[in-house]
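Visitor: Here is what each chain is made of, one letter per residue.
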Amino acid sequence: MEERFIIELTQSLKNFLPEVSLTVTLSLVILLDLIFGRRFKNIGAFVSLAGLVVTLFFTIKQYGGSYQIFRGMFVVDPYSTFFKFVFLLSAFVIVIFSLQSYELRETSARRRIGEYYFFILSLTLGAFLMAGSVNLIMMYLSLELVSISSYILAGYIKESERSSEASMKYVIYGALSSGLMIYGISLVYGLTGELNIYAINASFLSSGYSPIVLMISLVLILAGFGYKISAVPFHYWTPDVYEGAPITVTAFLSVSSKAAGFAMLVRFLKASFIDRTITLGIEGAWAVIQGLPLTEIVAVLSALTMTVGNIIAIWQNNLKRMLAYSSIAHAGYILMGVVVMQNLGISAMLIYFLAYLFMNLGAFYCVMLVAEKTGSEDIEVYKGLGYRAPFLSIVFTIFLVSLTGIPPTFGFIGKLYLFSALINAKVIWLAVVGVLNSVVSLYYYIRVVRNMFLGDPESGKEPINFSPAHIVVMLILVIPTLLFGVYFTPIVNFAQISVAMFGLR
Amino acid sequence: MLSEFAKVLLFLIIGVIFVAGGLITNRLIRPHKPNPEKSTIYECGEEPIGNPWVKFNIRFYTVALIFLIFEVEVVFLFPWAVIYKELGLFAFIEMVVFLLILILGYVYAWAKGDLEWDKPKPKYLGFEREKREIEEVQA
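Chains as they are written, first to last, in full-length UniProt numbering: chain A, 1 to 505; chain B, 1 to 139.
Hints listed in this document are in silico derivations from the structure and should not be mistaken for laboratory results.
Ideal placement from N, C-alpha and C gives every residue a C-beta, glycine not left out.
A couple of the hints might just be wrong.
Stated by the list, open to error - Examples of chain A residues lying across from chain B (beta carbon under 8 Å, computed):
hint	residue
1	Ile-6
2	Ser-27
3	Ile-30
4	Leu-32
5	Leu-34
What the hints assert, rightly or not - Here are the simulated DSS-like pairs of lysine-lysine, each with C-alpha atoms no more than 27 Å apart in a straight line:
hint	chain 1	residue 1	chain 2	residue 2
6	A	Lys-14	A	Lys-61
7	B	Lys-112	A	Lys-41
8	A	Lys-158	B	Lys-33
Said to hold, decoys possible - Computed far set for chain A versus chain B, every beta-carbon distance over 12 Å:
hint	residue
9	Ile-7
10	Leu-9
11	Leu-13
12	Val-20
13	Val-24
14	Leu-31
15	Ile-35
16	Ala-50
17	Ile-69
18	Pro-233
19	Leu-304
20	Val-435
21	Arg-450
22	Phe-466
23	Val-492
24	Met-501
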């Protein structure tokens, strides 16, 4: 008995190497920062970068396999591995941003910089676990690991009142929604007596369920997920936290923590609430179990999220706050991929995430550089920027155009696949809402561009220069945004292979 | 037959009756002779001093957190110690890894001075203020 248990454990550990290597890295960051931190200030960053590369190596080796490990706690499948690539890429980019961040350099945060990289890595570890966990308790724990790391990161600049306020609000909203979520989980457990999502599904199909209780628990669990992905009734924390947190952290939260929420949400919905005995005749379509208006709930959530996000974004003059509302709107767009309840929608979602990774990180990077040079994130300072910093303005314009979804950018490809998945599934009304929203979003994105290129060109302010390192980072982000907008076949193929989840069609 | 939840409800009702019944019976049959000595707050026999709503030093929380970590460690160590012989080398290595990670956290807290009680107060220099002061010096 014990022998078998140990063999199973060692087998599982072999398939858990990316997470193990992340854990080793974050321990090393703390240890080395403690020993050498005084002499080499950026040692944490370089250890993190090295660790992320090693993790990337293990993740690539893992890609393609599909198995359950740790007795039904985790799965390793192409779907989770795809998300791991997204988390790794964004963590890598964020560490590079942080090396250049003025907020971390000029405040007392510089004395705690080792811890900062520790939390970046632990957030990534939590996101890894979120993408792979198939047990409700494990899901909740990994969600908390991500949440707690992000609370601390949001309040990292202790001298800034905005930052502390952001952290406080984040904790309070987070506590509320994770409380609701654990309550929903307890109801599901009460209904089925199972915590593994596959076992829950089997129990629903074999011994029946009460639709009303299931509905209540689903809504409660969605509150937890909705908070993580900042979907609309649960989005109140987003603008304040995104505005108050250091820009590097904001960019990280808007990509990694959101992607992790989506990864877990889709796996949970797809594994728990589908009826595998029914075939719909369409390739890769899932039939939702009887009596549960899941499609309608998610569709309404999606429409609300993008509409509210876009409409409020119009009134924002602080660029960080505007991008916060825009990230709420993007959560709405990505939810459209869930509404169709087909593998086609999930692959569109994955494509969109890759696009979102590059364009959103890029946009935040430009805001960070401008804030460093001018000391403000207000839209006013962007007036005439096109003449003072032409390169940055052009790059920023490309990111904004990509966020709107205009060809030839990666953002367009992401939206194209999302909308075509919707139309394929005949959810026309939502597609119309989505297109109208894109038009609304065009207004506030282009307002920044207008300020940069048409706002007082004669002001005669001196030009802003950037170091080669800044230009290289901008290029690293802008080249994929443009390249994959034209040459997108490999990305689309990659996403279509990656929809495969363990134990599901 | 009662269902499982009905039994829980029964327990709940009996529990409420037990407590409320005891209090009410006491109230009905006890003599009622208060004096100032009796109506003071009971603080383990000491004379109560001041208001209980005082601010606690924030360092208590740090110490409590570090304590909590080691408390949980012990919870994990007990079952491991009980079947240590059957599990052998693998479990030993695993526990060493676990302890090393914990010790790392402890060492970090120690090195950062979180265990020292009489820490001098750091000078507060706000970010905004710092910038303003630098500007004033330049001007």
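Visitor: For Lys-14 of chain A and Lys-61 of chain A, compute the direct alpha-carbon distance and say whether it is at most 27 Å.
Guide: At roughly 11 Å apart (the allowed maximum being 27 Å), Lys-61 of chain A and Lys-14 of chain A satisfy the hint.
Visitor: Between the alpha carbons of Lys-112 of chain B and Lys-41 of chain A, is the straight-line distance 27 Å or under?
Guide: holds (16 Å)
Visitor: For the restraint on Leu-34 of chain A, tell me whether the closest CB of chain B is nearer than 8 Å.
Guide: holds (5 Å)
Visitor: Can we confirm that no CB of chain B comes within 12 Å of the CB of Arg-450 of chain A?
Guide: Since the minimum Cβ distance to chain B is about 31 Å, Arg-450 of chain A lies beyond 12 Å and the statement holds.
Visitor: Checking a non-interface call: every C-beta of chain B should be farther than 12 Å from the C-beta of Ala-50 of chain A. Is that right?
Guide: Holds, because the least Cβ-Cβ distance between Ala-50 of chain A and chain B comes to about 18 Å, which exceeds 12 Å.
Visitor: Hey, does Leu-13 of chain A actually stay past 12 Å from chain B on C-beta?
Guide: For Leu-13 of chain A, whose nearest Cβ neighbour in chain B is about 9 Å away, the distance does not exceed 12 Å, so it is violated.
Visitor: Taking the minimum C-beta separation from Phe-466 of chain A to chain B, is that value above 12 Å?
Guide: holds (22 Å)
Visitor: Are all beta-carbon distances from Ile-7 of chain A to chain B longer than 12 Å?
Guide: violated (10 Å)
Visitor: Is Leu-304 of chain A truly not at the interface, in the sense that its beta carbon sits beyond 12 Å from all beta carbons of chain B?
Guide: holds (36 Å)
Visitor: Would you assess whether Leu-31 of chain A, listed as outside the interface, keeps its beta-carbon beyond 12 Å of every beta-carbon in chain B?
Guide: Answer for Leu-31 of chain A: violated, closest chain B Cβ roughly 6 Å.
Visitor: Answer holds if the nearest beta-carbon of chain B is closer than 8 Å to that of Ile-30 of chain A; otherwise answer violated.
Guide: holds (6 Å)
Visitor: Leu-32 of chain A was flagged as interface toward chain B. Is the shortest Cβ-Cβ separation under 8 Å?
Guide: The hint is violated - Leu-32 of chain A has no Cβ within 8 Å of chain B, the shortest such distance being about 11 Å.
In terms of the numbered hints stated before, the structure departs from hints 4, 8, 9, 10, 11, 12, 13, 14 and 15, listed from lowest to highest.
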